[in-house]
Amino acid sequence: MALRLLSRLATAALVAVALSAVCFGLLDAAPGDPAASVLEARSGGRPATPAAIAELRAEMGLNDAPPVRYRRWASHALRGDLGTSSMSGRPVTATLGDTVPWTLLLTAAAMLLSFTAALAVGLVAALARRAWLRRGIDLVLFVMGGMPGFVAALLLLYVFAAATHLMPSGGVSRPGEPVTAYGLLAHLVLPACALAFGHHFGIYVRLVENGVRRVKDAPHVENARVRGLPGRTVVTRHLMRPGLVPFTARLGAGAGTLIAGVYATEVIFSWPGMGREAVAAARAQDYPVLTAIVLSTGLVVIAANLVAELIVAALDPRVRTGLADAL
Amino acid sequence: MSPHDAARALTVEGLTVDVPGRRVVHGLDLTVPAGRILALVGPSGSGKTLTARAIAGLQPHGGSVLLDGRPVRRGRDVGYAFQDASASLNPTVTIGRHLAETVRAHRRGDPSAALTRFGLDPALADAYPFELSGGQAQRAALAIATVHEPAVLIADEVTTALDPITQETVLDLVKADARDRTVLLITHDLTVASRWADDIAVLHAGRIVEHGPTARVLTDPRDDLTRALLQAADDTRAPERPAHITGGALTVRNLRRELRARRRRTLALDGIDLDIAPGEAVAIVGRSGSGKSTLLGALAALDRPDGGTVHRDGRDVWAMPGRARRAVRRRTGLIFQNPAASFDPRHTVRQVIAEAGPYTPDLLRYVGLDPAMADRRPAGLSGGESQRVAIARALAQDPDVLLADEPTSGLDVLTQRRVLDLLTGLRRDRGLTIVMVTHDLRAARRAADRVVVLDQGRAVDDLPTGDLDEARHPATRRLLAAVTPHRTPP
Chain L
1 MALRLLSRLA TAALVAVALS AVCFGLLDAA PGDPAASVLE ARSGGRPATP
51 AAIAELRAEM GLNDAPPVRY RRWASHALRG DLGTSSMSGR PVTATLGDTV
101 PWTLLLTAAA MLLSFTAALA VGLVAALARR AWLRRGIDLV LFVMGGMPGF
151 VAALLLLYVF AAATHLMPSG GVSRPGEPVT AYGLLAHLVL PACALAFGHH
201 FGIYVRLVEN GVRRVKDAPH VENARVRGLP GRTVVTRHLM RPGLVPFTAR
251 LGAGAGTLIA GVYATEVIFS WPGMGREAVA AARAQDYPVL TAIVLSTGLV
301 VIAANLVAEL IVAALDPRVR TGLADAL
Chain A
1 MSPHDAARAL TVEGLTVDVP GRRVVHGLDL TVPAGRILAL VGPSGSGKTL
51 TARAIAGLQP HGGSVLLDGR PVRRGRDVGY AFQDASASLN PTVTIGRHLA
101 ETVRAHRRGD PSAALTRFGL DPALADAYPF ELSGGQAQRA ALAIATVHEP
151 AVLIADEVTT ALDPITQETV LDLVKADARD RTVLLITHDL TVASRWADDI
201 AVLHAGRIVE HGPTARVLTD PRDDLTRALL QAADDTRAPE RPAHITGGAL
251 TVRNLRRELR ARRRRTLALD GIDLDIAPGE AVAIVGRSGS GKSTLLGALA
301 ALDRPDGGTV HRDGRDVWAM PGRARRAVRR RTGLIFQNPA ASFDPRHTVR
351 QVIAEAGPYT PDLLRYVGLD PAMADRRPAG LSGGESQRVA IARALAQDPD
401 VLLADEPTSG LDVLTQRRVL DLLTGLRRDR GLTIVMVTHD LRAARRAADR
451 VVVLDQGRAV DDLPTGDLDE ARHPATRRLL AAVTPHRTPP
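Residue numbers (UniProt numbering), protein chains in the order written: chain L, 1 to 327; chain A, 1 to 490.
There's no promise every hint is true.
Computed, partial: chain L to chain A, Cβ under 8 angstroms [what the hints assert, rightly or not]:
# : residue
1 : Ala35
2 : Arg69
3 : Arg71
4 : Arg232
5 : Val235
Not everything, but these chain L residues come out facing chain A in the computed CB check (under 8 angstroms) [what the hints assert, rightly or not]:
#  : residue
6  : Arg90
7  : Ala218
8  : Leu229
9  : Pro230
10 : Thr233
11 : Thr236
12 : Pro242
13 : Leu315
14 : Pro317
15 : Arg318
For the record, the hints were derived by calculation from the structure and aren't laboratory data.
By construction, the Cβ of each residue, glycine as well, lies at the ideal position given by its N, Cα and C atoms.
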C-alpha cells in the first residue's frame, strides 16, 4: 500500500510540475516588459530610457533561455517568492496569504455542504418507497440543473438578503466591525449554499442514487438480510460501501468544478478570497498575481483528486489491486 | 431415531407463494427431520427457489414454516447459500468480515471452524470474494451461511455453475455438514439428488408430485415428471450421423496460448493438436480453467494464438488476409453459455437474429419457437427460449461450423435435452460441423461422436464417445467418477 501511495504521489508531483510550467509560460507570454514596469515604479511613473531598460533586463536575467528562466522562477516559487504584484507592488505571496485562507474556508464549507447533501438526497431518492418523494426530488434537481451558479447566487442574494434581510448580503463581517465566529458563520451561509448547490449538484445526487439503487437488489444484499444482520450494517456496509464507489470516484473532479465556481461567487458576495482577487487582477492586467492564483487553484485541485482517489481505494479493494498492477 | 431427534424437524404446512397476478406455490406440505438432506427437484419455473426463499423468510408467503414446532426466526434458523456464490458476497468486504458480522449478529459461531468445515484454509478469511475461484467462492458462501450454526441449510443450485469435480467436492462437504443440520438441496438435476440426498421431493407447477426416500423415487417413480426427469438423466442415445456433409474442417497444430491477466500468466493452451472432420460433432470437456473456452476462441478465428496454427478447410486462418478471415468468421456460428447476455436488450428477437443474417420465420420454427415471438424482447424469454434464439441467430448466417460454449449449463435437465436434441438434429439435417465445449459429460455423450478431454491446457484424451467409459487417463477417470451416481440398491 505504501508503494502504491508513493506512485500516486509521484504522479501528482509530475502534474504539479507540468502545471507550474504552463503558469510560467502564461506569465512569460503576458504583454509588457517587467523591467520597464519596475523602472517606471521606481521613478514614480516616468518612462525609462531604452538603455536603462536593457541594463535592468540583463540584471534580472530576462535575456536567458526560457528553461533557465523557468528553473530560476520555480526555485524562487518553491522558496515562497512568486514575484511582486505589478498593481500594488506588494509581494504576491502576501496577497495569497491574505486571500487563500478565505477561499479555502468557503470551498471547504461548500464541499461539505454539497457532498453531504448529495449523499442524503441520493440515499432518500434510491431507497424511498413513496413515488411522490422521488418525483419531487427529480423536479427540484431538474430545475437546479438548468440554473447556472451565478443565477443561483443572485437568486439567493435577492430572496434572503435584499428582500427579507434574513442574511447578510456580503463580506465576512458587518462594515467596520471585527470578524467574530458567529458573524462569520452568518456571512458564510449564503455564498457556501450558492457554491454548493450549483448545476453540478444533481450529478452527485444521481451518482449516489444510481450507485445505491444498482446494488439494492444485488444478491449480496439479500444474503446480508438472510443472515439476520442488523439493518444498519446492511445499509452501511453492504449497500452504501459498494454503492458509493461511483460517487466517491467523482469527488476529485467535483472539487475542481466547485473551485471553478468560486470566482463568480466571491465577486457576487464580496468575499475577500482569491477568486475576487483574481478577477481584480485580470482587470488590472496584474499577471504575477493572476498566475499565482491559477497555480494555487491547480494545486488544490490536484490535492483534492489525490484525496478522492485514496477514499475510493479505501472503499473498494478492486481499485486497490488495480493500483498495484498499474505500477 | 430417538424421540428427541424426531422433534427436531423442519415442518412446512400449507405453504403458498404469490407473485403479482398469480399463485406459484400451491399449499406445500413438507417435513424434513434433522440430519437429513432433502432434495427439492423440479424443472425451471416449478417454484423450487420461491419455496426455498419463503422458508428462509425472504419471500412473503401463506401457510406456516415451523422448526421444532415453533415459527422459524428469520436470519437465525435458516442459512441460505445462493446459486451464484460470488455475486452473493459483498465485493468490497473480505470473507473474514462476512463471517465475523454474522457471528456478531447472533453471538455464536467460530469463523475459522466454519472455513475448515468446508475444506478452506482459515487464512482465506483475508481474501476478497473476487480473488477466489468458483469452487472456493461457493465453499466460502456455504461457510458464511452456516457459521452461526443454523438448524437448516438451504443450498439453492449451488453447483450449477461448477465443473463436475468441483461439484463433487462441494456437495460432499455439504453432506458432511448435514450431520447436525437439516439440509434442503434445491436442484433441477436428479443425478445430483440421487447421489447426495436422503429424500427427494419432486415439484411440478408449485405442487409436490412425488416425495420419498431417494432409492424408492429412483427405482419406482410414481409421477410422469419424475419419469421424464429420470429419462433425461439416463438418456445417452448416441447422436445420429448426417446423411450428407456440408460442414467445414478444422485442424489445429501445436496450439499455444498464454493468458496475461494483471501480473499473472497462465498457459491456457499448451501444444494442442486436433483434427475435426467435416460433419463431425466433437465435445471438448474438462474442468474449469482447463483451457476449453480458449480453444473455442482459437477455433472461431477470433483469438490469435501465441504459437501453432489453426487451419479452416486446409487454409491457415492467421496467414490469410483480414477480409478472408472475416469471411471464415461469417461461416462460423457461435453459441454462448449465457445467451441473454449476448443480446442487445433494446432489440426484438427479430433484430437479434437479423444482426447475423436475413431473418425468416422458418428460423424460429426450426428451433421450435413460435414465429410470433419475433417481436418480443429478449428480457421476457426463459433460459431455454433464449438459447433457441441464440441458435436461430447462429443459423441465420448460414454457417458450416457451429461452435457452442457450454450451451446447456444453467438450463434444467428437460430444457437441456431439448437444446441438445436441436443441435444433433441440426447436424443430421444440415451436415454441419459442431464443436461443443462443456463440463457436462452427459451432454457430451448425448450430442458428440467424439470427446476430447482437456487438462491444464493439454489434450489428454481423444476418443469416440462410446469408448468414454474405458478411458485410461486419470483426468478423464476423475471426471467420470464425479458424475457417477452412487445408487443404493433398493
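Hints and how they fare:
no. : hint   : result
1   : Ala35  : 56 angstroms, violated
2   : Arg69  : 44 angstroms, violated
3   : Arg71  : 38 angstroms, violated
4   : Arg232 : 11 angstroms, violated
5   : Val235 : 12 angstroms, violated
6   : Arg90  : 51 angstroms, violated
7   : Ala218 : 7 angstroms, holds
8   : Leu229 : 5 angstroms, holds
9   : Pro230 : 6 angstroms, holds
10  : Thr233 : 6 angstroms, holds
11  : Thr236 : 11 angstroms, violated
12  : Pro242 : 5 angstroms, holds
13  : Leu315 : 6 angstroms, holds
14  : Pro317 : 5 angstroms, holds
15  : Arg318 : 6 angstroms, holds
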